[in-house]
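Enquirer: Here are the chains, one letter per residue:
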Amino acid sequence: IQLTQSPSLLSASVGDRVTLSCKGSQNINNYLAWYQQKLGEAPKLLIYKTNSLQTGIPSRFSGSGSGTDYTLTISSLHSEDLATYYCYQYNNGWTFGGGTKLELK
Amino acid sequence: QVQLKESGPGLVQPSQTLSLTCTVAGFSLTSYNVHWVRQPPGKGLEWMGVIWNTGGTRYNSALKSRLSISKDTSKSQVFLKMNSLQTEDTATYYCARGPLLDYWGQGVMVTVSS
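For the record, the sequence lines run as chains A and B. Plus 1 on top of the position in the first sequence (first one is 1) and you've got the working numbering. Plus 21 on top of the position in the second sequence (first one is 1) and you've got the working numbering.
Bear in mind the hints are in silico, worked out from the structure with no lab data behind them. Please note that the accuracy of each hint is not assured.
Derived CB-CB ranges, DEER-like [what the hints assert, rightly or not]:
| no. | chain 1 | residue 1 | chain 2 | residue 2 | range |
| --- | --- | --- | --- | --- | --- |
| 1 | A | T74 | B | G63 | 23 to 29 Å |
| 2 | A | L40 | B | G29 | 19 to 25 Å |
| 3 | B | Q98 | A | G41 | 41 to 47 Å |
| 4 | B | T38 | A | S63 | 40 to 46 Å |
| 5 | B | P30 | A | T74 | 38 to 44 Å |
| 6 | A | G68 | B | T75 | 28 to 34 Å |
| 7 | B | S134 | A | K102 | 26 to 32 Å |
| 8 | A | T74 | B | S95 | 40 to 46 Å |
| 9 | A | K102 | B | S40 | 30 to 36 Å |
| 10 | A | S63 | B | D123 | 15 to 21 Å |
| 11 | A | L40 | B | L84 | 35 to 41 Å |
| 12 | B | P61 | A | R18 | 31 to 37 Å |
| 13 | B | Q107 | A | L105 | 35 to 41 Å |
| 14 | B | S28 | A | T20 | 37 to 43 Å |
Output of the computed footprint for chain A on chain B, the stretches with three or more beta carbons under 8 Å from beta carbons of chain A [said to hold, decoys possible]:
| no. | segment |
| --- | --- |
| 15 | 54 to 67 |
| 16 | 119 to 130 |
Note that the coordinates shown come from a computational prediction; the quantities given were computed from them, not determined experimentally. Think of the CB as a built atom: it goes at the ideal place given N, C-alpha and C, for glycine as much as any other residue.
Build out the structure end to end from the sequences listed, making use of the hints.
Expert: In C-alpha cells:
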C-alpha cells in the first residue's frame, strides 16, 4: 500500500486550525497512525488506529478517516507543533507516507 | 522504563556489510515485535523490516535480498545486517517497538563512503 500525504509543505500561524491529509492506494481499514518528527529527533507516535490519542499527547491533536482517506487535525497550532508529520499504515504490510512539513507563516 | 538504543559503525565502505544492534530495556522481546526504519538525510522515513516476538521476520521487498534481522532474546538485543551497501544506504537507522512503533531509539547515523 502506498501513502500520499498532502500538502508536502504547510505554512500556518500560531492558533490556526491545521489539517493534514494522508491517502492510501488501497483500503487501510483504519490501521493508520500519525507521527511527529522534530529536527534531529526520532519520530513520536501521536495517533494510532485512525483516532486513538497516544498517552501524553495533547488533545489538540485528533485523527479521523476511513477507507483510503485519513486526516490529522491540530485544533489550535502551538509553536512547538512545528515539525514534519508522517502517516503510517500497518494494515497490509507497513508503509510511511512522504511527510508534511509544518512551518510558521 | 521502555528504552531502545541503536549501536554500530558510523562509517561503512561501499559493497561492505552493515551490522547494527538494537538493545532494548523495559520490555521483553518475547512479547513485542521490533521494527527497523531508516531515514536518508533530509528525506522521509522508510520501513525496513520487523522481527516478531516469535522470531519470524518480514522485510521491505526493495531490501529483502540484502537484509537480515535476528535477535538474542536473552540479551534483549535485535540485530540488523544488510549487505552490498551503496551510497544511497547512507541514513539514520532507527529501531522501534511494534506493533505501533510507540517507542523509538535515538537512531544511529550510518555513512556509506570510501
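Enquirer: With reference to the structure, classify each hint as holding or not holding.
Expert: For each hint, the structure was consulted:
{"no.": "1", "hint": "A/T74 x B/G63: 23 to 29 Å", "in the structure": "27 Å, holds"}
{"no.": "2", "hint": "A/L40 x B/G29: 19 to 25 Å", "in the structure": "23 Å, holds"}
{"no.": "3", "hint": "B/Q98 x A/G41: 41 to 47 Å", "in the structure": "25 Å, violated"}
{"no.": "4", "hint": "B/T38 x A/S63: 40 to 46 Å", "in the structure": "44 Å, holds"}
{"no.": "5", "hint": "B/P30 x A/T74: 38 to 44 Å", "in the structure": "42 Å, holds"}
{"no.": "6", "hint": "A/G68 x B/T75: 28 to 34 Å", "in the structure": "31 Å, holds"}
{"no.": "7", "hint": "B/S134 x A/K102: 26 to 32 Å", "in the structure": "27 Å, holds"}
{"no.": "8", "hint": "A/T74 x B/S95: 40 to 46 Å", "in the structure": "44 Å, holds"}
{"no.": "9", "hint": "A/K102 x B/S40: 30 to 36 Å", "in the structure": "33 Å, holds"}
{"no.": "10", "hint": "A/S63 x B/D123: 15 to 21 Å", "in the structure": "18 Å, holds"}
{"no.": "11", "hint": "A/L40 x B/L84: 35 to 41 Å", "in the structure": "26 Å, violated"}
{"no.": "12", "hint": "B/P61 x A/R18: 31 to 37 Å", "in the structure": "32 Å, holds"}
{"no.": "13", "hint": "B/Q107 x A/L105: 35 to 41 Å", "in the structure": "37 Å, holds"}
{"no.": "14", "hint": "B/S28 x A/T20: 37 to 43 Å", "in the structure": "39 Å, holds"}
{"no.": "15", "hint": "54 to 67", "in the structure": "holds (count 5)"}
{"no.": "16", "hint": "119 to 130", "in the structure": "holds (count 8)"}
Checked against the numbered hints listed earlier, the structure breaks hints 3, 11; every other hint is satisfied.
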